[in-house]
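Residue numbers (our numbering), protein chains in the order written: chain Y, 1 to 468; chain E, 1001 to 1318; chain R, 2001 to 2282.
Quick caveat, the hints were computed from the structure, so don't treat them as lab data.
Just so you know, not all the hints are guaranteed correct.
Straight-line Cα separation of at most 27 Å, DSSO-like style, residue types lysine-lysine; simulated pairs [claimed, not checked]:
#1 Y/K62 x R/K2109
#2 E/K1308 x Y/K302
#3 E/K1154 x Y/K302
#4 Y/K72 x R/K2223
#5 Y/K72 x R/K2224
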Amino acid sequence: MKFKKFLAVALTAAMALSMAACGSTGDSGSASTSDSTAAGDTATSDSSSGGDDKIVVWTLAKDLEQFADHYKEKTGKEVETVVIEPADYPTKVQTALMGGESEPDVIVGEPQMLQDFYDNGFFEDLDQFGAQDYADQVVDYVWKVGQDADGVQRAISYQITPAGIYYRRDIAKKVFGTDDPEEIGKLFKDYNTILQTAQTLKDAGYRIFASDGEMNYFSGDSAWVVDNKLNVDQSRYDYMDLAVKLYQDDYTAYASQWSTPWYQAMSGPIPILSQDIQSGSDDSVNVWDSENFEEQTKDLPKTEVFAYGLPSWGVLTLRDNVKDTSGSWGVCAGPSYGFGGGTFIGISSQSKKKEAAWDFIKFCTLDEDTADWWIEKSEGDVVSLKSVLEKHKDDENPVYGNEKLYAFWLQQAEGIDYSKVTKYDKVIGDAWGEAISSIKTGASDKDTAINNFYDTVASTYPDIEIQR
Amino acid sequence: MKTQKSSRLSRYNRWGYAFVAPFSIVFLIFSVYPVLRTLYLSFTDLKVMGTPHFIGFANYARVFTDKFFWRALGNTVRIWGVNIVLQLGLAFLLTIVFSDMKYKMKGLPFFRIVYFLPNLIAATSVAFLFKTLLDWRYGTFNIILHNIAQAFHKNYIPIDWLGTSNHAGYVIAVISSWMWFGNSFIMLMAGVQGISTDYFEAARIDGAGRWTIFGKITLPLIRPILEYVAITSLIGGLQMFDLPFLMSSPSSAAYGSVQTVMMYLYKFAFTSGTVQTGFASAIAYTLFMIILLVSIFELYLFRKDDRKEAKEERRKKK
Amino acid sequence: MKRQGKPVGFVVNKTILYILLILLAALCIMPFLLMMVNATRSGVEISHSFSFVPGKSLGANYRQLSDYFNIYRGMLNSVIVALPATFLTAYFSAMTAYGLAFYKFKTNKLIFVSILIFMMIPGQLSLIGFYQLCTKLHMVNSYLPLILPAIASPGTVYFLRQYAISVVPRSLMEAARLDGASELYIFHRIVLPLMQPGVATMAIMCFIGNWNNYLLPMIILNKKEKFTLPVLITTLNAATDLQSNQGAIYLAVAISVIPILIVFCIFSRQIIGSIASGAVKE
């Protein structure tokens, strides 16, 4: 009977469509073939067993693309890298792994994401592969950040990321009469001094920073949450006052970090609509006449920015953006020790090629030749292997007036306190940032803003104890 | 099938099952199940992964006492309110202009298309465009204002459109109405064009003025459309997400004034580090109940007008 | 009102009205114009001044953009999602609408009422459950959860049911039945052609909706290679490298807008007609 036949076909079609959905991991071509091979192997397949051992890396740092190419050159083994934007990365990894995605064999994380990833069991235990044998070779704080609450090694980083202050040597010479990192470091030794420095620079027609968030990496001497209690120590308040002052007293160029003008200020003067523009006296301004208008806007006030506060990977950011000011930069110590970011590599607990993944991680993080290669390739990134840092400590970096940066970073890294990292950092940091911007823009007074901050934390994490 | 009689004529009716079968299956799997699953989860303590434990109404209690949920709801309503007033107001004005019997404005097809243009572009692109244009110290918009001010010998202090709580919400509302007024205009215009011109001619002969005609003829006749626009835009508006989500950042001073309920829900449902699925589900259902109540109230208001009018009609007849 | 009939006042008023209408039109077009122009200028030029004269950096911007991502891949992905989804919605909604409109069976009422209810239920209500379903079915990072549910689109079914009742005469089907036509034949060969204008209308709206959809693809898809255009565009937000050249960002947004503008140019009459009919029908 036609009806029954049709009904049957319709039902099977609908079921088949839905089932097809269940069966496939929803990936095209290469990925599904690698899946099927993996299914053939056992979970403990070792890397020498041959066949399609291509591993997949999900990363937020483009660096790993270069590592993967280098790995292929050296070992002949294929690595596919999937780069996900840093802002989306933690959420993407989380949704994927919660969804049972087995594609990434290697996943990475930055310090503030790691704790959450550990808690959710996304990272495989590296100790079973003998990770602890390498404990002494890696800079201490990096090694510790890669461990979960029980001290199990879950991730390792190939780089260290102590923070420093990047400044323009040419401006320093003009305004302060010296460009020596030691001397300039004294101008940043504490927040009050920084404000004085800012005033001196403003009087000379410069701005100390592009944004008011440049001291962020040096803020906070303790963790946000200690023993499940919210902990706001005095240095947080000091930082808040500093950021508000920098903003309200017109010491910065009002660019947000990572925005176009923020980058452009690295290579020279930027035009800025400032609050104390004199009212115009030119009658001929005609906004609808574009050529004429362009002439007019050329007269917008311009300013140059003196310094940036960035972790050691800022060496690369500046390298790519300084253009004509190359060679006239320097790096000095900030008001305290700090670090920021850093790509930690680990094995996804849902990977089917863990041995191969470990081999890749070892290659990236624990191999001296790779570290040597990376230092040369990246033109200044700071690796985490002590022996290699030692070896390169006399390297001079031409972008930074031939400063010996590795010696500097190694010394900064020794002061870092890794216990400051908690899984709450991103959210609580954002809430603190919201409080700071509310105060600086005058949207609310200090008490209201801080109270609001406490409320936000209380509402987001009802389990955290809060004493106001 | 049971009896000979029913079989011949109504046997084909069973084909109805076949025609609705694919829809029903997919509907059950992808619409009904998720909604019920969310309901179940809203009574559990599920966070990221693991087994959910039943905790009764605790999540709902937390939603109701969470001042940030209410702040988010307030933001949503405020942004939506400003948006709907501008959007419908502009659409109304345009409808009046184009339906005016005296001026007989030409070029409706052209203007309709142009006004609809902003609605075509994905909100993500719109958000990007305006975020760069409206940048505080470096955006084109402020540079233009600055130059206009200079032309008039005035000093323009640049306004941080998206960075301060006084402005950000309204800016987003204006952009949103910019995106949608063309749509409303087309709908209203369609309603007016559906009205027989006889009405207008008759009223004109009776000497009725422009506003009388609008109030007494046009408005009542296009009210069902208004009702429809109001309800759909309410349901859409209370779920506002794309624009405010893409045009603000969690550490900005404006965040507290543009975070919508949907963004609040997203924070607890998907953002790494704050995922609390059970709580997020409760937020979803609380919002749903609020939308439901408001829709019912809105319908009640429209209907009340109907009843009042009906009553007046009767009184007049007496 | 006093001036009624006076030609001068009339002309002046009318001119003012036209000017206002054109200003509003300019307001609608201006951002796109700025976007197109800025797409051809370098980052430095953009932040130093603004202009309606195209610059010379189109090529450079394009190169930087293509280094960062393949925007055409995003477009292709959007097509891969939007076309099948639109087709499924159009075909199955017409079928369901037809079934609900012209057949008497037990669950007819029930289904119709559920459709009405689900039209009122906001999407966020199912979002969490839907995502969890996808994780259970291992459909995360796949297009299936974006395409398959298109089969069940309550709003479209509701609209088409009303439409079918008003445009398809029952007598036509009875006649066909007497001629011995099968029910499938009746639907595909007789009813579907009659419903075609309504289905096309809904299909266009559905395509635009799918093309511009952001939240769901953002949650479901994980890899840049799979991102649909709107999701891909938002990665620019996080693309710190690209931020150093706004020209490239403007260019990306401009390219993303072009396909939908072309679709609009071709179908503007239908699109506007469909919004209008949507309003009149409901």
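Taking each numbered hint in turn, which are not upheld by the structure, reported in ascending numerical order?
Structure breaks hints 1, 2.
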